[in-house]
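Enquirer: With chain Y held as given, fit chain B onto it using these hints.
These protein sequences, in sequence, are chains Y and B. Mapping of the first sequence onto our numbering: residues 1 to 635, in sequence order. Mapping of the second sequence onto our numbering: residues 1 to 635, in sequence order.
Keep in mind that a hint or two might mislead.
All copies of an identical chain are treated as equivalent in the list; a pair is satisfied when it fits inside any one copy or across any two copies.
[What the hints assert, rightly or not] Derived DSS-like pairs: lysine-lysine, alpha-carbon spacing no greater than 30 angstroms straight-line:
hint, residue 1, residue 2
1, 375, 228
2, 514, 502
3, 470, 376
4, 531, 400
5, 375, 564
6, 400, 232
7, 531, 564
Simulated from the structure, these hints should not be mistaken for laboratory data.
Take a look at the letters that make up each chain.
Protein chains: 2
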Amino acid sequence: MKIQQQINSGAYISDGFINRWQRLIKDTVIPYQYNVLNDRAEGAEKSHVIANFMNAANALRGEDIGDGFYGMVFQDSDAAKWLEAAAFSLVSYPDQELEKTVDEVIDLIADAQDEDGYLNTYFTIKDRDKRWQNLMEGHELYCSGHMMEAACAYYEATGKDKLLKVMERNAEHIYDIFITQKHEGYPGHPEVELALMKMYRLTGNRHCFELAEHFINTRGVDPKFFEKEAKKRDWTVWGNDATNHHYAQNFAPIKQQNDAVGHSVRAVYLYTGAADLASENGDVELLKACRRLWESITQRRMYITGGIGSTLIGEAFSVDYDLPNDTAYNETCASIGLMFFASRMLENEVNGEYADVMERAFYNTVLAGVQLDGKKFFYCNPLEIIPGISGIAATHWHTKPQRPGWYSCACCPPNAARLISSFGKYAYGENADTAYCHLYAAGEVSFANGLELTCETEYPYGFTVNYVIKSGAKRLAVRIPAWSREYSIDRNGKKLSVLPKKGYVYVDVTAGDKLTLTLDSDPHYVYASTKVPELTGCTAVWRGPLVYCFEGSDNGDILPVSLKRGGRLVVSDTPDDDLDGAYKITAEAVRAVDDSLLYSDTPLAEEPCEAVAIPYYTWGNRGENQMRVWMSEIR
Amino acid sequence: MKIQQQINSGAYISDGFINRWQRLIKDTVIPYQYNVLNDRAEGAEKSHVIANFMNAANALRGEDIGDGFYGMVFQDSDAAKWLEAAAFSLVSYPDQELEKTVDEVIDLIADAQDEDGYLNTYFTIKDRDKRWQNLMEGHELYCSGHMMEAACAYYEATGKDKLLKVMERNAEHIYDIFITQKHEGYPGHPEVELALMKMYRLTGNRHCFELAEHFINTRGVDPKFFEKEAKKRDWTVWGNDATNHHYAQNFAPIKQQNDAVGHSVRAVYLYTGAADLASENGDVELLKACRRLWESITQRRMYITGGIGSTLIGEAFSVDYDLPNDTAYNETCASIGLMFFASRMLENEVNGEYADVMERAFYNTVLAGVQLDGKKFFYCNPLEIIPGISGIAATHWHTKPQRPGWYSCACCPPNAARLISSFGKYAYGENADTAYCHLYAAGEVSFANGLELTCETEYPYGFTVNYVIKSGAKRLAVRIPAWSREYSIDRNGKKLSVLPKKGYVYVDVTAGDKLTLTLDSDPHYVYASTKVPELTGCTAVWRGPLVYCFEGSDNGDILPVSLKRGGRLVVSDTPDDDLDGAYKITAEAVRAVDDSLLYSDTPLAEEPCEAVAIPYYTWGNRGENQMRVWMSEIR
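So here's chain Y without its partners, still in its complex pose (with noise of 0.2 angstroms):
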């Protein structure tokens, strides 16, 4: 029986990491991105968003367009970004003030929309001659997917529908060009096709599901479609290579594809929608190749860290095993639209790997996207930052050693926003009769099946997770982490000598129940297959959900340094509070004493130290200094 991942306004977290977490992007994110989408924001670059959909609602008028269009062509998602950010925040912490605030955005977003349902402000504002005819590099059906992603978001949010009726209009309008005048595109940046799956859930609009079928489905049918497109046309925006048939996922239909390829955010965008249709659709043959290409993500082309797409080059995925620590790419995007592939692989089959990638992904790749006060973010997060050559030379110029700021191209910020104020929606999921955990989070939670809970915890530092059931009765899926080497689970104090099925306990409850859930809290050493030539010989750390580096901070200078196999590795008795209350952990070692010649035939002296290490996410938050999470080791 498949579930409804998805709990729509249900979960509240309340306490807590994700709370903590929740709170800085209500505090200190949205109203920061506000600011620059308003070109009020110190620091960052020009984003003209808000403007832009100004002068469009001016251009349809027929009036001045001011100060004209700027930014990238897909500048309009900033502002969908920011809004489903908003939305989810408002879900947990209702404010009145940014309700407003959003309503007035909604407002311009309207004026901007042409008679027809069109919307997008670089289009309207340079040229609506030019609509529909660079699929490849335009962004429009990009933008639409945002904004109709935000429609449902604040819909679900607050019951207003504003924002709805206007992105379906534009979806009327999108099938209307596709469906009905037989447009043979497909998206050039896939993200429409998730979004129009959940306005067809939402609103049960046919035309939505008809068009994300219509989309995912002829997609690499006509593997030259861009080329052709580009040969119509006497324009281009940024100079895209049309041939370049695995950069854009089009070079063969999806049904047909094993490996996953190209720029990562697209890949994984559409697989998203792909695996969501398929749930929708029930397309066994589709299904298949969502599974092959979480296989070539999750078992040959993902770090520890969940961070996808290893190389700058395309922003792209590169071949099986090239994990190269130093030069990854690992945009931040690429891990939440992982864990947006992974939350709909989990709608179609109840298997925890897919839970435990995303959490992988979360605590680490997201989470280390944003600084711990929330005002700077990465946009890449290799794994290792060594000062002097990361961020200067000709193949690390990405890899920065310390968060920038808001760039003009800023789909990381907002899209880490969003995520992390809707934690709650890849935690639970239900079906009629069971209702599954699938990350831990305090708070509260109203599944729709009826059941009502209460959880708390101090995860990912506290590996004790206690349900309280509320009201209802039945069946209750708690999900059982691979990493967790032993766990027990408790109803009202009694252990329970249940066996995960597909990593889930299933445990029968009703109103008054505690069931106490304990994880492995252990620290571990990781290691990597030896087919990742970057890795042999290297070991890392992990505790739980959380990925450990080692940081210059704390250890000096750390390429001397090599783990001990089997070492002692002990958790701090105390949270950090420089790092926001993580909990380092002392790992046995010996550090190197260099001889300062580049190439000797003698081995460097080694001395006994011991290494501490950071969890990843709160990595860069203390100047610029060295970072590496998997470190040689000594056996």
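Expert: Below, chain B alone, put in the same frame as chain Y:
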């Protein structure tokens, strides 16, 4: 007291390892390349070099230019390097037919020289009005430089001066343009500087010296020269970035430069010319700069194989200690240029470190550039090859698992040919009272200072070197390589107790004396500074000048293999026929048994094994397979 490093036509390599390589060049590479130049070589890309010279001559005569010019703007230099290789080869291996062919090519070249001494087929055929307008990209001085080197070599080999006269006229033309007419430019691709120094030393022509001095001292005084130059014209050759002052080493006057940067071949050609000039004009500041640049390369930016220029981006030096194995660019030409630079530094200061680096570059990267059958060539020389990643991943397309044939940009093959053919020039040096033996090669040498000797050795696989003095009485300076942990030196059977000074022992010799040098024949493990992030936890193996590597052909999958610290290294008893007589080395090792999980919290089981290493220069001669120089070490 300075030494004149290059013996002109005085060294005959008559036996052993170097002789085999020189015969390969003579018997295979030089004839093959002649066919390439004439577009008669199977499997090679079109060259058109000979046709270019004929068509240029026709253009000058006002006759039909046939199929015009084809190839790179620096296509002429292929002819020059071939001529130079042939000339060097003729010294040790007289060949009337080859000499006749060379004379014919020289006649063609002479015909292609313009009345005013200008010589360049690209501009002569395509547009004579565009001469000297694009020093950044045009390679006019670069081509002249290579042809000057060829002219010197051929005169030294045969006493024939036709090409030398052509190039003296060409030098006078350049003098007229840059000195008399005060053209403000300097070479885009340095090369002519070192060539002019050769011309000056051979002919005594002061204009050549003045020009070399002018170009070296002018470079970078106006770092924006190429930008200004580019603004003045409405054409480009291939759109080089004139603002990239590091690429072209013109960000500052060379005397103010501290780090080896930019395109690595350009860099070392420039430094060679500079060191040459400094040894001639005694410019202490210039020599100090050369020393700083030498240290920058050899102490912080050089691979253990003598490879330099670690990044594909700009075929350039990266920052300090950024020495990736798998993506190393390490152009064969760059290591050849490093040998040039080392040889000129040695002229300024007798110090074994220069010869050590020269030898390391030669026996590893330069020789690796040539397939053992002399038919294919590496342009890039990485230290790790993993089929499936190497040559395929977007960041690895340049690191081919197999030597490709002759490219259209055929810089490396003829460069290797001329270098190997002129080994004797690097092996010996002299001044009035001392004869220097920098490198070891079986053969006869006549020093200009009157000493004549015979050298017998099986080096680099034998570690005894016998010098028999045939006539004369001088001081003999014999290099003791830094890699040799111990050594002994006997004169006429009696052990001498002389301590080396800066890497050389000095012994008085007279006709009839026999000197026997015995070097360390043990293989050793090598380690890198911990400052090199790529190499922490790794070890490599060398024996004498040869760096070893591990190939799949001998070991199966090498990724799970780790070497044991201090483990026994055993040199094979017999040479390997498949590897042209190389001796393999067997190392104690362990092999991990991969459990196929990408990440796991359990260390992989390991079992003892033997790992077989082969000399790095022999890799890639037995089909596509894995290769690693640096291996993970257990300790």
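Enquirer: Now look at each hint and say whether the structure bears it out.
Expert: Comparing the hints with the structure gives:
1. 375 with 228: neither (43 angstroms within a copy, 42 angstroms between copies)
2. 514 with 502: Intra 23 angstroms, inter 80 angstroms, cutoff 30 angstroms: intra-copy only.
3. 470 with 376: neither (39 angstroms within a copy, 76 angstroms between copies)
4. 531 with 400: Close inside one copy (27 angstroms) and across copies (19 angstroms); limit 30 angstroms.
5. 375 with 564: neither (37 angstroms within a copy, 48 angstroms between copies)
6. 400 with 232: neither (40 angstroms within a copy, 38 angstroms between copies)
7. 531 with 564: Close inside one copy (22 angstroms) and across copies (20 angstroms); limit 30 angstroms.
Of the hints listed earlier, those the structure fails to meet are numbers 1, 3, 5, 6, in rising order.
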